[in-house]
Amino acid sequence: MDTQRRRFLKSAAMAAAGSMVAANTDLISLPVMGADDTLPDGDGLTWSKAPCRFCGTGCHVQVGVEDGRIVAVAGDKHADVNKGLLCVKGYHVGGILYGEDRLTKPLLRKDGELVEIEWDEAIDIIAKRINKAPDRFAFYGSGQWTIPEGYAAQKLMKGGLSNNHIDPNARLCMASAVTGFLATYGVDEPAGCYADLDACNVLITWGNNPAEMHPVLFSRVTDRRSRGEEVKIIDISTRRTRTSDAANEYLEMKPHGDVAISLGIMHLLIENDSYDKAFVKNHCNFRGDEADTPTLTGEAISEEEFRKRIAKYTPEHVEELSGVPAEKIRMLADLFGNRDHLITSLWCMGMNQHTMGTAINSLVHGVHLLSGHFGRPGDAPTSLTGQPSACGTVREVGTLAHALPGGRVVAKPEHRSQCEGFWNLPEGRINPVPGYHTVKMFDQFTKPTAEGGDIDTLFVQVTNPGQTLPNLNKLFNDKQGMEDKFLIVSDVYPTATTQLADLILPAALWVEKNGIFGNSERRTQQWFKLVDPPGEARDDTWMTIAIAHRLFELGHEGMKDKDGDFLFAVKDDEGNEIPIWEFEHYYDVNVDKHLFEEYRPFTTMKHKNLAPYDEYVKARGMRWPVVEQSDGSWRETKFRFSGFDDPFVAEGKEFDFYHSNTEDGKAQIWFHEYQSPPEMPDKDFPYWLCTGRVLEHWHTGTMTRRVTQLNRAMPTSYVEMNMEDARDQNIRQGETVILESRRGTTELPVWIDGRGRPPRGTVFVPFFDETKLINNCTLDAHDPFSKQPDYKKCSVRVRKINDATPSQVAKSD
Amino acid sequence: MRYPKPDSEPKASTTQLHGISVEPVAATDAALPKSRQRTIPVFRPPGAIAEETFLAGCTRCSDCIDACPHDAIRKAPDRLAAIAGTPVLEADTAACMMCDDFPCIAACKPGVLTQSIPAVMGTALVTEHLCLAHHSTTCTVCSERCPVQGAIRVMDGKPTICEDVCTGCGVCRYVCPAPENAILLMPAFSRPPLPDGHTA
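Protein chains in written order, with UniProt numbering: chain A, 1 to 813; chain B, 1 to 200.
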């Protein structure tokens, strides 16, 4: 038995014996592996690396496999992201493969009943539906798609079908972060990385609760504090959370208050003359919305004009708008005004799921740029992602309705022609008109054909829109009973989405397939298939390729490249095509590697250079741009645009925003006017509703709710209420109440003074529980640029279940 | 963490604790005074009186089991010989939720469960080296779900159990999501007899 395992069992023995020996740090009692590349195996147990399946943090785990089954999981000590630590979900990640109700056979709905069919028939049905009306087909994917999965889907749609109706659930998740980065730097994704968390002395969480949502990252900061380092945490939020508990300052704001606060900070930086004049002069321009049709590029405004526009956002006015006391706005401005501080801002859904999402993202970047808190380790505006490959797949491969791989867009002729070149396609193959974004896609799918609903076949992979779309009654549930609309869902378990599916495809999950994810800090991480999927579950990439090949057989011209070859042709050394569309031959070759190497050349245009696949096999991920050194090694980049680290900043330059929208190497400091939220509490619906997540469950809970320990720890969704609101309505702790909005209702138990404490007039509901669908209530209003809906604010009322008042809420139509 | 094998999912069994067999050894009376029977430490429902008198008075009628709204009380299995059929709690399967009105006690006709003594079934301990919160990662489950106010205190996010207040209900053990359960639960080794003036 190897020493690692012995240590493992020893810890179990200590637990049983009730030993309190914890002081000896050599006895690492949580499962942490000293994961060297030559990790000792033993007893038939083999250990392999893989990034965690869950969130965008991108922790690495060591997966212990015995007899074709995952039997152990441990934190990976050699992973830079988590250094051996995992969150509660991560320790249980192996368990998600083994829920009792895994889907193992394709299921077709016939006369309302789901019947088992063979894969050949399933692929044939899909291909024929697409072939009949290729432009009425839409592909809905995910930030949980691996990079090759997203790339294959992207190529099938845009390169093969000349159809741009492909969008990911990440539209609901971080689209506003993308538009914020694009508007500010001309290129997507954070300049900094997690190393900023190790260096900052001020951490500001903007509507963000990393203590629960990105706990491993948050612990990087709290650990520093417990070692005696001084790190001031300022939490700006609409409700008290576990992050607020750890914060030095908790600033409770009204919804949309973040917009006012960031304007207020910038106002004071200028008013106090404490902004970084040299940085602004050398590296920034000022930008405002065009008067008629605002775009992401905006129009130039002078510093004078910027001062004029921002003048009214005095601390007192900001207090009025945000509810945060003027003195606290001054405190924030003083922090930013002091260049000795190293300030890292973190945000995630709070700023992204926002009808002013693009604006608030740009404004927070603006605060950092104006104050010069940018580009030194610890000085960084950093957005986090909630999905493991929101960055890698959605943002980099560009699986969005308007995008092409490598930061390209379908609207630009030169971008289309570059992609046609890479893909060896005839000129003009790629459709120049952007497809439907998520909300529009589902609107068109659930709208009757006669009324102009022009999407009739929808393929959903790796996500659960039946639970996560806003305003479900409008955007999803209407599908029911529509004979001519066909919903195809690839998933690992039955979900709210498969309930309305016409064809269900059993998918391989996580280490049941090869994969590559890209996390929040630009880190690309690879893993190998370690165990077989159950039954006939298969890889999503394979499904896409099999459909493409069936279309090829049916004579669809788009499935051929310029030379008449199959779009996804993989040839062996002798030039013979390997039939990867037949599952028994899919693993004859590493399709992931093949697709990744095909994708790599796309990435250099935006300087997001990736290393060859084999380099990622060796590493615990690498942060792009990864460039080859003169000695043949590959070097990752921690701090983009900063001369001391970014290889694309010319020698001698301190900073260079080399994708600047203004083509002068400068970033844009935006001005946006404060706007009120689209729906506010009133007499009939007096509460703000905010939705979000909990620590124990990931997204819609389809994976984590099948892990006993996690489900026991958090068995049900709930509505968090303020104690005084509950008292006023005579609502007891634990009582089930009805939550109603203008769009729908759901029933939930009440939790007063629970994990979060909302202020009076606010309720909070997590969305993981498919038995209590809070998205019946949410609003589908979205940001005009990112098209990302606002799940964080709408108005609801709370009704006691025995209340005689009849519901006045009709299903919206 | 090592996951259980498919054929060894945690069942309603007390044979193992953290992989260590705790299968009780058959009791022998040889070394004991004739007057005292040896008892097996188990978790009894709330309000259970001293084990010897409890065993003497309990009719194995299952009324408390039927009364429990949380299905937390079950019959001790046959292999526990002397106590087979008596009501026990197994926190790994279902924990006592410490109801305000204790329907189990109300249902107990022989009165071996009684309101007259504190409802203390045992005590819990946080095994700190297994606890996620004691290892830099956020976890707040045990203190949130503990039904006894003041039984779990949280300092800097780290839980400790206040033994004077803890009733050993086992909710913390039931909900603990640590890779190795970080809650060690110990049954009360001696419980008070019926107070004077009460009869079983």
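For the record, the hints were derived by calculation from the structure and aren't laboratory data.
Don't take every hint at face value.
What the hints assert, rightly or not - Example chain B residues on the side facing chain A (calculated, C-beta under 7 Å, incomplete):
1) 61
2) 65
3) 132
4) 137
5) 138
6) 143
7) 175
8) 177
9) 179
Claimed, not checked - A few chain B residues that don't get close to chain A, going by computed Cβ distances all over 10 Å:
10) 41
11) 52
12) 69
13) 70
14) 78
15) 136
16) 140
17) 141
18) 164
19) 178
20) 191
Owing to the predicted nature of the structure, the values given are computational and were not obtained by experimental measurement.
Glycine is no exception: its CB is placed at the ideal position from the N, C-alpha and C atoms.
Could you check the structure against the hints above and give me the numbers of any it violates, in ascending order?
Per hint list: 1, 2, 6, 15, 16, 17, 19 violated.
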